[in-house]
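Asker: Taken in sequence, the protein lines are chains G and F.
With the first letter of the first sequence counted as 1, position 141 gets the number 141 in our numbering; the numbers rise by one all the way through.
Position in the second sequence (from 1) plus 1000 gives the number in our numbering.
In short, the hints are calculated from the structure, not lab data.
All values derive from a computational prediction rather than experimental measurement.
Positions of the beta carbon are idealized from the N, C-alpha and C atoms, including for glycine.
Some hints here could point you the wrong way.
[Unchecked claim] One-sided excerpt, in silico: chain F residues whose CB lies under 10 angstroms from chain G: (1) Ser1002; (2) Pro1069; (3) Ala1154.
[Said to hold, decoys possible] Straight-line alpha carbon distances no greater than 20 angstroms define the calculated SDA-like cross-link-like pairs of lysine to any residue that follow: (4) F:Lys1011 x G:Gly261; (5) F:Lys1339 x G:Lys59; (6) F:Lys1011 x G:His431; (7) G:Lys409 x F:Lys1340; (8) F:Lys1011 x G:Ile93; (9) F:Lys1340 x G:Gly261; (10) G:Lys403 x F:Lys1335; (11) F:Lys1011 x G:His24; (12) G:Lys18 x F:Trp1264; (13) G:Lys409 x F:Lys1335; (14) F:Lys1011 x G:Asn271; (15) F:Lys1011 x G:Ala26; (16) F:Lys1339 x G:Pro320; (17) F:Lys1340 x G:Leu331; (18) G:Lys409 x F:Gly1338; (19) G:Lys59 x G:Glu31; (20) G:Lys409 x F:Thr1332; (21) F:Lys1340 x G:Lys403; (22) F:Lys1340 x G:His24.
Residues per chain are reported as follows:
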Amino acid sequence: MEVPRSFFSEGELRKLHKFNGGVHPASHKTESNHKEITRLTLPSRLVIPFKQHAGDAAKPLVKAGDHVLKGQMIGIPEGYISGAIHAPTSGTIAAIDEQLVAHPSELPDLCATLIPDGKDEWVKLEPVEYHDLSAEELRKKLRMAGVVGLGGAAFPSDVKLRTGAQPIKTLILNGAECEPYITCDDLLMREQADEIIRGAEILRHALDANEVLIGIEDNKPQAIDAMRMAIAELGYKFDVVVVPTIYPGGGVKQLIRVLTGLEVPSGKLPNEIGVQCFNVATARTSYRALEYGEPLLSRIVTITGNVRHAGNYEVLIGSPIDELIARVEKLPDTNGYIMGGPMMGIRLPSVEVPLVKATNCIIAVSEKLFPPAPPALPCIRCTRCVEVCPVELQPQDLYWFSKAKEFGKAQTFSLFDCIECGACSYVCPSHIPLVQYYRFAKSEIRMRTLEKQSADKARERHEFRDYRIEREKKEKAEKLAAKEKAALAAKEKAALAAKEHVPANTTESQPKAELPKE
Amino acid sequence: MSALFSPFVTKPDTVSQIMLKVLLSLLPGIIFYVWYFGPAILVSIALASVTALSTEALMLKLRDRPIMPFLKDNSALLTGWLLALSIPPMAPWWLVVVGTAFCIIIAKHLYGGLGNNLFNPAMVGFAVLIVSFPVQMTQWLTPNGLGQIDLSFADQLKYVFMGVLPSGVTLDAITMATPLDTLKTQLHLDQHVKQILDLPIYGRLAGHGSEMVSVGFLLGGVYLLLSRIISWHIPVAYLGSLFVIAGIFHLVDPEHYVAPLFHWFSGAAIIGAFFILTDPVSSPTTNKGKLVFAVMAGLITYLIRVFGSFPDGTAFATLLMNICVPLIVLYTQPKVFGKKEHKDGVQK
């Protein structure tokens, strides 16, 4: 499996490793990577969800009618894994209520609606010198700046900076960007390499990591050059490693494997093997959060597909996607939108949903660009899915078990190690929507686990109630017995007083013979 | 309507294309077949194709399944072709029809149709025919130029459909025992391998004519490997184990045990290695499992050929190993990324 490939980088020989399989879907990157990042003007309204990150939602700090400044915190993180939410521009909060958001469940979520006043008036920012901060203070600063992973998972960055039992040896910056169509990290690396590298140094400092590896796929030569140049200018010893273009080479565990040869153990996080990984845009945001005190208010998003002006845009968090689409001019045969890439993204329930911190790409869909798959045929066990699975699973067996609802077997065959990258569905000659079956099985298993937990709890409660009733009965009985015993003893005492010659020991055994019935 | 869930893009490959490529890979072998034995085999293939498609349609209709998408998948055609290629071309027409119908109706659809058959359908059909109609199943044509007379295509057709031979021609004059069969009988008559191979029915590697048909199938098989429709595991392990066991016997006693290459290019070894044992539905899905499956099939083939009562063993070896597939798969599960190696079928 391990075919070492060597590249010269920074004068030293680095051995690259391989993960199993992977696919090469048409990249479609040229549509959006040929022009500079454009900053879009203020939208007419912003809808800002309080949960844009993995973990718990932020708690609203404002109410309808409040005037807020750009960069003002409007949602405070609550819970261990959570992130702050800020006003991306100055204006008035029109409402705090549930709005439709981009989530596969298509359920509404709590959002703040902000009507910009057009002044873009900043709150007073508090830049810090990160060298002066303790790791704890640095994490707090990032948490309060709402910095989360911008690669798509939106995991709060401060949590990832907590070092566990294992010291972090290697910090990896993920600039692989392996999904087709998406070019936002490519353009960011070309244009803001300096800020990314400075951010990487901050993250390295916070983790006390020995080395920094920056993985970039070989289809981004300009980004590679820009990053190498920035490193040379800043004088750091970071290593830009050119990795082969293959999907899902940008998956965290896959990239770590390619760069270090290490396998993150099943069900564990990278920090358990002394590695931590951040997206390049996250590094840049961390830098701006400390150097300028700027919270995360905007991000770069690739808008592409069936539109006239495909490209990369700097967009305020909370911008309604319909307004973005209007600016890039969708083509007339557009019949839907994908948020994220075509391999792992989701269909937008409506274009009225807001752009969030995790939104790296919006693709306008047409039948021509995304032709419907032919009707699914039965699995013929050709194992093309096995050949491409980066986790080395047996997708055809998992499909069989999921379909037959044999969830126990699916779990035995490592269903939960599936990263839902879609490589199996991509190559399936029977065009079976394999990943959808795995999602179904996973959610069924999670639901059953929850149900079982609550059933267990109910049973425990019931058993405790029975126990309590029994105990109360017993206590009552004992009390009664004691009372009767006392009464009897008193009676005997009286009798004894009357007949002084009766021996004392016979009175002892008396109450035992007539235990109370209850 | 484009897909509703990711991934939204898929490779354009289809089951139908895969099966079509397998059908095309059979052509070099079929061309050699026609060259050496005349066009009668084409009649068998045509009969098998018509029967396969019509029984497939009938069964889909009875099972209330969409007919066109499945008819177009070419899987029934492939089963028909493989069966036609494994029975004598001069067999009466109804033998092909009955065999193919059995493949499609019993071995395929009664098990749940495409993707669900435990056994290789063509080999089930073959087994049924060779057990039920042993006489008809031995009417192998003598290669052109070797027999007393070469039948014209019209005469071949007349015999296949009406059972009538030209006057003065007996069946024995145009048919013969297969090279494997002849070897076996002659060895029983205390002949030595060397003497036997001097008989005119033998060519350079194995049987005259039939060895070239095997070469044709080998060419097609290499194409299947190169186009990644099959992986190397099964053909290499099958031919490898057949070679090794035949080699051992041959080295110990060359007078009574023929050389390994003879086994490769005789009977169904080559078509079996590349086209039959590799049927994805009825073979193991794990690479290790494929190796176990094919090594065992190679050994069984040799044992049946040399010590059994049938001249060839590929079909029975296939069926016997098909039974073991679920067990083999369970015990040859590969290591999952991020998990530890394990001994049994359960990942830790």
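Asker: Now, for every hint given, state plainly whether the structure supports it.
Answerer: Comparing the hints with the structure gives:
no., hint, verdict
1, Ser1002, "holds, 4 angstroms"
2, Pro1069, "holds, 6 angstroms"
3, Ala1154, "violated, 40 angstroms"
4, F:Lys1011 x G:Gly261, "violated, 30 angstroms"
5, F:Lys1339 x G:Lys59, "violated, 39 angstroms"
6, F:Lys1011 x G:His431, "holds, 9 angstroms"
7, G:Lys409 x F:Lys1340, "holds, 18 angstroms"
8, F:Lys1011 x G:Ile93, "violated, 47 angstroms"
9, F:Lys1340 x G:Gly261, "holds, 15 angstroms"
10, G:Lys403 x F:Lys1335, "violated, 23 angstroms"
11, F:Lys1011 x G:His24, "holds, 10 angstroms"
12, G:Lys18 x F:Trp1264, "violated, 37 angstroms"
13, G:Lys409 x F:Lys1335, "holds, 16 angstroms"
14, F:Lys1011 x G:Asn271, "violated, 36 angstroms"
15, F:Lys1011 x G:Ala26, "holds, 10 angstroms"
16, F:Lys1339 x G:Pro320, "violated, 43 angstroms"
17, F:Lys1340 x G:Leu331, "violated, 51 angstroms"
18, G:Lys409 x F:Gly1338, "holds, 19 angstroms"
19, G:Lys59 x G:Glu31, "violated, 40 angstroms"
20, G:Lys409 x F:Thr1332, "holds, 16 angstroms"
21, F:Lys1340 x G:Lys403, "violated, 27 angstroms"
22, F:Lys1340 x G:His24, "violated, 29 angstroms"
Taken one by one, the earlier hints fail for this structure at numbers 3, 4, 5, 8, 10, 12, 14, 16, 17, 19, 21 and 22, listed in ascending order.
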